[in-house]
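Position chains B and C relative to chain A; hints supplied.
Residue numbers (the working numbering), protein chains in the order written: chain A, 12 to 368; chain B, 12 to 368; chain C, 12 to 368.
Hints are computed from structural coordinates only; laboratory data are not their basis.
There may be inaccurate statements among the hints.
Any copy, or any two copies together, can satisfy a pair, since identical chains are not distinguished.
With a straight-line cut-off of 25 Å between C-alpha atoms, the simulated DSS-like cross-links for lysine-lysine are [what the hints assert, rightly or not]:
#1 Lys212 to Lys78
#2 Lys67 to Lys338
#3 Lys67 to Lys78
#4 Lys212 to Lys338
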Amino acid sequence: MAELQQTLTLGELSDALGGECIGDAGFVIRGVKPLAVAGADDLSFVTNPKYVAAAKTTQAGALLIAKDSGLESAGLNAGLIVVDDPHLALARVLELGFPESNRETGVHPTAIVGKGCTMGADTSVGPYCVVGDDVVLGDRVRLGARVNVGDGCVLGADSAIYPGVVLYDRVVMGQRCVVHSGAVIGSDGFGYASATGLPTKIRQVGRVVLGDDVEVGANSAIDRAMLEETVIGSGTKIDNLVQVGHNVVVGEGCLLCGQAGIAGSAVLGDRVVLAGQAGVSGHLEVGSGVQVAAKSAVLQTTTPGSIVAGIPARPIRDWQRQDVATKRLPELMRRVRQLERAQEVKDVDSDQDADSG
Amino acid sequence: MAELQQTLTLGELSDALGGECIGDAGFVIRGVKPLAVAGADDLSFVTNPKYVAAAKTTQAGALLIAKDSGLESAGLNAGLIVVDDPHLALARVLELGFPESNRETGVHPTAIVGKGCTMGADTSVGPYCVVGDDVVLGDRVRLGARVNVGDGCVLGADSAIYPGVVLYDRVVMGQRCVVHSGAVIGSDGFGYASATGLPTKIRQVGRVVLGDDVEVGANSAIDRAMLEETVIGSGTKIDNLVQVGHNVVVGEGCLLCGQAGIAGSAVLGDRVVLAGQAGVSGHLEVGSGVQVAAKSAVLQTTTPGSIVAGIPARPIRDWQRQDVATKRLPELMRRVRQLERAQEVKDVDSDQDADSG
Amino acid sequence: MAELQQTLTLGELSDALGGECIGDAGFVIRGVKPLAVAGADDLSFVTNPKYVAAAKTTQAGALLIAKDSGLESAGLNAGLIVVDDPHLALARVLELGFPESNRETGVHPTAIVGKGCTMGADTSVGPYCVVGDDVVLGDRVRLGARVNVGDGCVLGADSAIYPGVVLYDRVVMGQRCVVHSGAVIGSDGFGYASATGLPTKIRQVGRVVLGDDVEVGANSAIDRAMLEETVIGSGTKIDNLVQVGHNVVVGEGCLLCGQAGIAGSAVLGDRVVLAGQAGVSGHLEVGSGVQVAAKSAVLQTTTPGSIVAGIPARPIRDWQRQDVATKRLPELMRRVRQLERAQEVKDVDSDQDADSG
Numbered sequence: 012m013a014e015l016q017q018t019l020t021l022g023e024l025s026d027a028l029g030g031e032c033i034g035d036a037g038f039v040i041r042g043v044k045p046l047a048v049a050g051a052d053d054l055s056f057v058t059n060p061k062y063v064a065a066a067k068t069t070q071a072g073a074l075l076i077a078k079d080s081g082l083e084s085a086g087l088n089a090g091l092i093v094v095d096d097p098h099l100a101l102a103r104v105l106e107l108g109f110p111e112s113n114r115e116t117g118v119h120p121t122a123i124v125g126k127g128c129t130m131g132a133d134t135s136v137g138p139y140c141v142v143g144d145d146v147v148l149g150d151r152v153r154l155g156a157r158v159n160v161g162d163g164c165v166l167g168a169d170s171a172i173y174p175g176v177v178l179y180d181r182v183v184m185g186q187r188c189v190v191h192s193g194a195v196i197g198s199d200g201f202g203y204a205s206a207t208g209l210p211t212k213i214r215q216v217g218r219v220v221l222g223d224d225v226e227v228g229a230n231s232a233i234d235r236a237m238l239e240e241t242v243i244g245s246g247t248k249i250d251n252l253v254q255v256g257h258n259v260v261v262g263e264g265c266l267l268c269g270q271a272g273i274a275g276s277a278v279l280g281d282r283v284v285l286a287g288q289a290g291v292s293g294h295l296e297v298g299s300g301v302q303v304a305a306k307s308a309v310l311q312t313t314t315p316g317s318i319v320a321g322i323p324a325r326p327i328r329d330w331q332r333q334d335v336a337t338k339r340l341p342e343l344m345r346r347v348r349q350l351e352r353a354q355e356v357k358d359v360d361s362d363q364d365a366d367s368g
Numbered sequence: 012m013a014e015l016q017q018t019l020t021l022g023e024l025s026d027a028l029g030g031e032c033i034g035d036a037g038f039v040i041r042g043v044k045p046l047a048v049a050g051a052d053d054l055s056f057v058t059n060p061k062y063v064a065a066a067k068t069t070q071a072g073a074l075l076i077a078k079d080s081g082l083e084s085a086g087l088n089a090g091l092i093v094v095d096d097p098h099l100a101l102a103r104v105l106e107l108g109f110p111e112s113n114r115e116t117g118v119h120p121t122a123i124v125g126k127g128c129t130m131g132a133d134t135s136v137g138p139y140c141v142v143g144d145d146v147v148l149g150d151r152v153r154l155g156a157r158v159n160v161g162d163g164c165v166l167g168a169d170s171a172i173y174p175g176v177v178l179y180d181r182v183v184m185g186q187r188c189v190v191h192s193g194a195v196i197g198s199d200g201f202g203y204a205s206a207t208g209l210p211t212k213i214r215q216v217g218r219v220v221l222g223d224d225v226e227v228g229a230n231s232a233i234d235r236a237m238l239e240e241t242v243i244g245s246g247t248k249i250d251n252l253v254q255v256g257h258n259v260v261v262g263e264g265c266l267l268c269g270q271a272g273i274a275g276s277a278v279l280g281d282r283v284v285l286a287g288q289a290g291v292s293g294h295l296e297v298g299s300g301v302q303v304a305a306k307s308a309v310l311q312t313t314t315p316g317s318i319v320a321g322i323p324a325r326p327i328r329d330w331q332r333q334d335v336a337t338k339r340l341p342e343l344m345r346r347v348r349q350l351e352r353a354q355e356v357k358d359v360d361s362d363q364d365a366d367s368g
Numbered sequence: 012m013a014e015l016q017q018t019l020t021l022g023e024l025s026d027a028l029g030g031e032c033i034g035d036a037g038f039v040i041r042g043v044k045p046l047a048v049a050g051a052d053d054l055s056f057v058t059n060p061k062y063v064a065a066a067k068t069t070q071a072g073a074l075l076i077a078k079d080s081g082l083e084s085a086g087l088n089a090g091l092i093v094v095d096d097p098h099l100a101l102a103r104v105l106e107l108g109f110p111e112s113n114r115e116t117g118v119h120p121t122a123i124v125g126k127g128c129t130m131g132a133d134t135s136v137g138p139y140c141v142v143g144d145d146v147v148l149g150d151r152v153r154l155g156a157r158v159n160v161g162d163g164c165v166l167g168a169d170s171a172i173y174p175g176v177v178l179y180d181r182v183v184m185g186q187r188c189v190v191h192s193g194a195v196i197g198s199d200g201f202g203y204a205s206a207t208g209l210p211t212k213i214r215q216v217g218r219v220v221l222g223d224d225v226e227v228g229a230n231s232a233i234d235r236a237m238l239e240e241t242v243i244g245s246g247t248k249i250d251n252l253v254q255v256g257h258n259v260v261v262g263e264g265c266l267l268c269g270q271a272g273i274a275g276s277a278v279l280g281d282r283v284v285l286a287g288q289a290g291v292s293g294h295l296e297v298g299s300g301v302q303v304a305a306k307s308a309v310l311q312t313t314t315p316g317s318i319v320a321g322i323p324a325r326p327i328r329d330w331q332r333q334d335v336a337t338k339r340l341p342e343l344m345r346r347v348r349q350l351e352r353a354q355e356v357k358d359v360d361s362d363q364d365a366d367s368g
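Bound-form chain A, shown alone (with noise of 0.2 Å):
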């Protein structure tokens, strides 16, 4: 798949790392794959130590390193190119080795546009759009096809949104967010007065605002607020089918993972992680830095730093213990009840003591 667009040499490319090239700098790469499928023509990469013992065998003609993998002096026949983070170098090769291509700009014909809106430059609005009135789009924003954009949006210089996405009124996002199909965003929040009878909805009339570089994956939905808004920090990245409830505040650099759900009014701090299938509870704090694993829930407020698992969630040592020994509970149930016959045995036979005495 994975042949580059632009084909570059290993000493091109070990410069556009800022890396030590290592063999051939006029080597020529034309393709980026992993380690067990790349062939003599490929760059490959090892972004994690466990991944080591495979680059001593794999076809690849170059390959990707850090500095502390000791793969410098495994006498491999690859190029190498040695930088201190291959992950993060990995992001700028497919960077340079696939470069976006450039797409129309301006305004579909059949595109709807309503009154009052700003375009930037540069800006792209792709067919079957309907856009309301008083939108502002910034300097080079690109709208797929059939992305509905509600009155009073605001969207910041290069963000991209993906075909069928719909933001409802008045979505305010920063500048290179991506938003991708399906999505949703600025759904009436789940509010009800119910105390008696049949739930009365509550009008929601607050909105959703995004930071910078926020990236919203397929098919997940963010509400908006009751009253004021529900923000999603700068930098943070939430996947496929992710629920964000009404009024939630979530910080900058998150990563919510795959269908990771957060409930109304909870506010996460910097950097947390939700791992898939993750919940956090509403009205409670999470707090920056919290790791939370895969089928957890947060059902109370978390110190920041914490890494926690389980229902609810605990730290994770605790959980791990916890499931240890639960995984030995049947055996431990037997044994307490060999106690317990010892016991009685013992009482049987201290009665007849006694009886003797």
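Only chains B and C this time, still in chain A's reference frame:
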């Protein structure tokens, strides 16, 4: 954010809510805000006893409070509206203060409408909608942009369908239903005959029927029945990313929170609450009034009124006790080991006793 | 609901199913209904031994039953069709009785089709579709309304794409695939380099490849690979709201039930079943024939044929035993406390013995 679109005086609002007005009835309310951010021109609210303390320090010019909140006599500077149920009253405040804007009615010229459709008075069909044959839209039904309505669908009066929704053929909904963007109603149930070889699709020929006042959240999916009807009862509210399988029957006034899922042929009574990410297995009954805690999995028929938690779900008190015990399980294992050691010592002692006896 | 679009006699149907007809072969079947609601003109069915009792009281005029059901000799009034596999036979009945209506073919005038596309015979492209460049649609492919097909996609013959689906660039699917509304295939994988500072996006340059007879449910999302291919094997059926991460490889004939999720780079064998809301962690293998219970989380490589449950997933028998034990855990703690008390008494006794000794 929440500046009123239509200002109201304290007295007007109190009258509209059937409340008791304490303070300057002529005070003009300009916004509705949470306690922490409300200012001198704003109304705030105390819908929950746990916010009573915060109410004592708010800068809000006016407060909506409950009769039994004890705040009447707290010497607050704010004007007061005293009501029985401030949550319900807040719902009314937002209706009054943020009236829905009048939308254009009529069929947008880009909408495609099939044969034999019946349109009620003041319906609106947005741009790029595709409406099939023999569809009935009740009075004042609103279809946002890019809505797909399959053949033979019937939508009751005052229902609102947001952009991008897809209704498959023969979906029926009552009055005042709301369906949010990205929701899909009437898709094929997940039914396969798979005794041998690859799964063989079983054609799904039923339909979906929603009662009155049903709300379906963004990107939720409700499958049609294999033969008969998947039913969502009147007044039931469904949050975002919820899955409802084929043949499911949900009663009235239920709340299905974000990412909850109901497997095929399950039957829920009235006023059932599924908290976030909860699941209900197929072919079982969940009695009226049952509440299922977040992340829990109902794997068997559950009696009316139960509050359950866990995987599999059990009475929540049991689950809590078991969770407390699980946290102490590693310690329990040490204690049992200690008892066993004591036992071994005794056995040795009594062996020795026997030897020396 | 399920009145046959095409009536059939008992004899005709029995012949078509290769079954044995018992009773009046000329009996005209007008509907197909579940046991509880079927009437004198309807065929009902017993696909599961647990419905044998209900079959004895049904009002159905005809019944589809299994050879080994014991119902042949039960003296029922209904006409009978006796087959080896009534579930599979039911699939055939519904195909015969509810034939798909003929849809119009051709490209709707509002559809936008790019350059260099190849259209097979009798393809249909619905209103407001946007098809990119160099797309190949096989014979009889149907695109519903508002479908987005990215550049370079290839759709095999007889595949059907429902309204609102988005295929990103270069998605390849085999023959007879079905993709339901709201599904997104080929979206960016969730890949970031985040060793230091904010997450840096890693461009995702791979693609998604579906085999033949794959079905993808409403609002599901399948990410494209970082470099190579995300693969869904032939005959695999994916329910609604399922997440498939980048680089995942799913084998043939798998069933991924509602809201299941598979994290990046996981590899599933053939005929794997993920029950509802189950999850599979990244970079691991799930062997052929593995069944994962609802809500469970596979966190490590799992051997073929295992049936697993729990978080983390373990053999289901172990999980069941541990669950039973967990329910008795509070009682166990009391019993251990009692043993300790008895122990303390003994220690006191033996101290006293020692004192008095």
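Numbered hints the structure breaks, given as an ascending list: Violated hints (numbers, rising): 2, 4; every other hint is consistent with the structure.
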